[in-house]
Amino acid sequence: MPGKVEVGMKYYQEIARAVAEVAEIVSVTDVLEARAGVFRQILRTEETNPLKPDEKEYKFYAPGIGLIQDEAIKLVKYTRP
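Terminal number for the sequence shown in the numbering used here: 131, no gaps in between.
Careful, some of the hints might be misleading.
[As the list claims (entries may be wrong)] Each computed DSS-like pair below joins lysine-lysine, with the alpha-carbon atoms no more than 30 Å apart:
(1) Lys106 x Lys124
(2) Lys60 x Lys124
(3) Lys124 x Lys102
(4) Lys124 x Lys54
(5) Lys127 x Lys54
(6) Lys109 x Lys124
(7) Lys102 x Lys60
(8) Lys109 x Lys127
(9) Lys60 x Lys109
(10) Lys106 x Lys127
(11) Lys60 x Lys106
(12) Lys54 x Lys102
(13) Lys109 x Lys54
(14) Lys106 x Lys54
[Said to hold, decoys possible] Derived DEER-like restraints, expressed as beta-carbon distance ranges:
(15) Val78 x Thr129: 22 to 30 Å
(16) Glu105 x Arg130: 29 to 37 Å
(17) Arg130 x Ala66: 28 to 36 Å
(18) Lys127 x Ala70: 29 to 37 Å
(19) Gln63 x Ala86: 18 to 26 Å
(20) Pro131 x Ala70: 31 to 39 Å
Simulated from the structure, these hints should not be mistaken for laboratory data.
Where a beta carbon is used, it is the ideal one built from N, C-alpha and C, also for glycine.
The whole structure should be built from the sequences, with the hints applied where relevant.
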C-alpha cells in the first residue's frame, strides 16, 4: 500500500505478471463497527484478480491499527503499545 493514500490509487498485492491481485483505494472516509469498537476514517480497498475477473474483495483498514475487516472476518480485539 502506498505511504500517502488517495482514492483511485492502485497497487499490486504481489509481483507476478498477469496474475497478481490489484487493490484500488475506493474510500478513506468509511465508518465500520466491529466487536472491537467503532472505527472512523476507514480506508477501504477493492481487490481484483485477473484470474477471476468477475470477483471483487474488499478490505478495511483503520488508522493506527491496520486491517480490521477482510470480507466477513472482523477485528474483535486489539491493544496499543
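Comparing the hints with the structure gives:
{"no.": "1", "hint": "Lys106 x Lys124", "result": "holds (18 Å)"}
{"no.": "2", "hint": "Lys60 x Lys124", "result": "holds (23 Å)"}
{"no.": "3", "hint": "Lys124 x Lys102", "result": "holds (24 Å)"}
{"no.": "4", "hint": "Lys124 x Lys54", "result": "holds (25 Å)"}
{"no.": "5", "hint": "Lys127 x Lys54", "result": "holds (27 Å)"}
{"no.": "6", "hint": "Lys109 x Lys124", "result": "holds (10 Å)"}
{"no.": "7", "hint": "Lys102 x Lys60", "result": "holds (18 Å)"}
{"no.": "8", "hint": "Lys109 x Lys127", "result": "holds (17 Å)"}
{"no.": "9", "hint": "Lys60 x Lys109", "result": "holds (14 Å)"}
{"no.": "10", "hint": "Lys106 x Lys127", "result": "holds (26 Å)"}
{"no.": "11", "hint": "Lys60 x Lys106", "result": "holds (14 Å)"}
{"no.": "12", "hint": "Lys54 x Lys102", "result": "holds (29 Å)"}
{"no.": "13", "hint": "Lys109 x Lys54", "result": "holds (17 Å)"}
{"no.": "14", "hint": "Lys106 x Lys54", "result": "holds (23 Å)"}
{"no.": "15", "hint": "Val78 x Thr129: 22 to 30 Å", "result": "holds (25 Å)"}
{"no.": "16", "hint": "Glu105 x Arg130: 29 to 37 Å", "result": "holds (34 Å)"}
{"no.": "17", "hint": "Arg130 x Ala66: 28 to 36 Å", "result": "holds (35 Å)"}
{"no.": "18", "hint": "Lys127 x Ala70: 29 to 37 Å", "result": "holds (32 Å)"}
{"no.": "19", "hint": "Gln63 x Ala86: 18 to 26 Å", "result": "holds (24 Å)"}
{"no.": "20", "hint": "Pro131 x Ala70: 31 to 39 Å", "result": "holds (33 Å)"}
Of the numbered hints listed earlier, not one is contradicted by the structure.
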